[in-house]
Amino acid sequence: MNNELIELIKSNVVKGRRTCDDEGIDETPSGAPGVTELTREALEQKIPLEEILNKGLADGLDIVGRKFESGEYFIPDMLIAAEAVSAAMKVLSPQLIKEGRESKGKILIATVEGDQHDIGKNLVATMMRGAGFEVIDLGVDVKAEKIIEAVKSNNPGILGLSALLTTTMQKMKETIDLLEKNNLRSKVKVIIGGAPTSTQFAKQIGADAHCKDAFIGVETVKALFS
Amino acid sequence: MDIRILKNIPLKIESKNILKKAGYADETQSSRRINQSIENFLTKADKLIKVKVIYAKVDLGDISGNRIKINDKFVIASKILKETLDGCKSAFLFIATIGAELESDVSKLMREGHSVESLILDAIGSEAAESLTHSFCRTLSDEVNSQGLAITQPFSPGYCDWDIEEQKILFFLLDGEKIGVKLTDSFMMIPRKSVSGIIGIGQSDLLGKKDLPCLKCAKEKCSGRRRGKLSFTS
Chain L
5 MNNELIELIK SNVVKGRRTC DDEGIDETPS GAPGVTELTR EALEQKIPLE EILNKGLADG
65 LDIVGRKFES GEYFIPDMLI AAEAVSAAMK VLSPQLIKEG RESKGKILIA TVEGDQHDIG
125 KNLVATMMRG AGFEVIDLGV DVKAEKIIEA VKSNNPGILG LSALLTTTMQ KMKETIDLLE
185 KNNLRSKVKV IIGGAPTSTQ FAKQIGADAH CKDAFIGVET VKALFS
Chain D
59 MDIRILKNIP LKIESKNILK KAGYADETQS SRRINQSIEN FLTKADKLIK VKVIYAKVDL
119 GDISGNRIKI NDKFVIASKI LKETLDGCKS AFLFIATIGA ELESDVSKLM REGHSVESLI
179 LDAIGSEAAE SLTHSFCRTL SDEVNSQGLA ITQPFSPGYC DWDIEEQKIL FFLLDGEKIG
239 VKLTDSFMMI PRKSVSGIIG IGQSDLLGKK DLPCLKCAKE KCSGRRRGKL SFTS
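Chains as they are written, first to last, in the working numbering: chain L, 5 to 230; chain D, 59 to 292.
Quick caveat, the hints were computed from the structure, so don't treat them as lab data. Honestly, I wouldn't trust all of these hints.
[Said to hold, decoys possible] BS3-like mimics (lysine-lysine), calculated; alpha carbons at most 30 angstroms apart, straight line: (1) L:K177 - D:K137; (2) D:K226 - L:K177; (3) D:K240 - L:K147.
Please take these sequences and the hints and turn them into a complete structure.
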C-alpha cells in the first residue's frame with residue numbers, strides 16, 4: 005500500500021498534477037487525487053517523510069529531468085512538475101518543521117549587476133526548491149558587494165550566478181574575485197549559468213561549475229552537496 | 059530633427075510564437091493548461107500591453123573603417139551594421155516599448171508562486187515586443203515605398219559587433235522617457251520588453267538585392283538568427 009501511494013505521488017509529479025482538479029501535462033481527466041491529496045494521505049498513513057521526499061517527489065522530478073533531456077518535456081513542463089512538488093512541500097512543511105528537518109542544502113542565487121534578466125534564474129530557483137533545496141533569491145541586477153554581504157549573512161553552500169549578456173557576464177568574475185578578497189571563496193561553491201556562459205568561461209573566471217540548463221543545475225547542486 | 063511618437067500600432071500576437079518563446083519546440087507540444095493560460099492572458103492584452111514608439115529620421119554620413127556618422131555629429135561603429143546600411147543616405151532611429159504593466163504582472167505571478175503563468179506571460183511580452191517592431195517597420199516601409207525607397211532590417215545596439223554602450227547615442231537623440239523607457243547604467247532598457255535600434259532607408263532596387271547579415275555569421279546557435287529575406291510589405 006505504501007509503495008502504491010509513493011508510486012502515485014511520483015507519477016503525479018511527472019504529470020504535474022498539483023491537485024485533483026489539475027489535468028496535468030498529459031491531460032489526464034481530472035478527478036483522481038493529485039500530489040496535494042496524495043501527500044496528505046501519505047502523512048495520514050504515517051509513511052516516513054524520507055520516503056515521500058526521496059522516492060515520491062525527488063524520484064519524480066528525476067524522471068521529469070530525464071524527459072527534458074530526451075526532448076519529450078519542455079521548459080514549461082519542468083515548471084509544471086516543480087509546482088506540483090512545491091504543492092507537496094506545502095503539505096509536508098508543518099511535519100518537516102516538527103521533526104526539525106533541514107533542507108538538503110542552502111543555495112543563494114542572483115542575476116549579476118547590470119543584468120535585468122530573471123526568467124532563467126527563476127526557473128532554476130523553482131527547480132532547485134522542488135528538489136528539496138533552500139533557495140534564497142537575491143533578484144536581478146545585484147551588485148557584487150551585495151552578493152558578498154548575503155554570502156556572509158546566510159552562509160550558503162552554493163552561490164548561483166546568472167547573466168544573459170556578454171557585457172554583464174564579466175560581473176561574475178568580479179563577484180568571484182570579491183569572494184576571494186573577503187576570504188569566502190573556500191566556504192562556498194560557485195555555479196554559473198546563462199546563454200553566453202560556457203564551461204570554458206566558468207574555468208576562466210574560477211567558478212566551480214557551469215550549468216547549461218535548469219536540470220543540469222539541479223544535478224550539479226546535488227553532486228556538490230553530496 | 060523631427061521626433062515623432064506613435065501609440066496606435068496593431069499587433070499580431072501568435073500563439074505558436076508564444077509557445078516557442080516559452081520553450082516548446084513547436085505548437086503541438088503544449089498541454090491544455092498552457093493553451094488556456096495563453097488564451098486568458100490574451101483576452102487581457104489591452105490592459106497589459108500599451109505600445110509606444112518614439113522615432114526620428116536622421117542623415118547618415120560615411121567615415122572610413124567600420125564607422126557611420128549620424129546627423130554629421132555622432133559616430134557609431136559596427137562592421138556588420140555598416141554593411142547593412144551600405145547605400146543608405148538616411149535612417150530611422152527608434153525606441154519601442156510595450157509598457158511596464160505586463161512586466162509588473164510577470165514579477166507578481168512569480169512572487170506568488172505561479173511560475174508557469176509567469177513564464178507564459180513573459181513569453182507573451184517578448185512576442186508582443188517583436189510584433190511591435192515588425193508592425194512599426196511595416197508602417198515605415200509603407201511610408202518610404204511611396205517615394206520609391208525601402209527600409210533595411212532593424213538593427214539594435216548589442217546585436218553582432220555593435221557595442222551595447224552605443225545605446226546611449228540613441229537615447230541622447232531620442233528622449234526615451236517620453237514613452238516611459240529608461241536606460242540603466244549597463245545600457246539595458248526598462249521596461250525590459252522594449253526594442254531600440256536603427257533602420258536604414260535606401261533605394262528599393264539596391265536594398266532588395268541584399269542578404270541578411272545573419273547568413274554570413276558563424277554563430278549558428280544565436281537566438282536572434284534570422285533566415286531568408288525580410289519583407290515588411292503589408
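Comparing the hints with the structure gives:
1. L:K177 - D:K137: holds, 29 angstroms
2. D:K226 - L:K177: Roughly 25 angstroms between the alpha carbons, so the hint for K226 (chain D) and K177 (chain L) holds.
3. D:K240 - L:K147: Given pair K240 (chain D), K147 (chain L) holds - Cα atoms ~19 angstroms apart, limit 30 angstroms.
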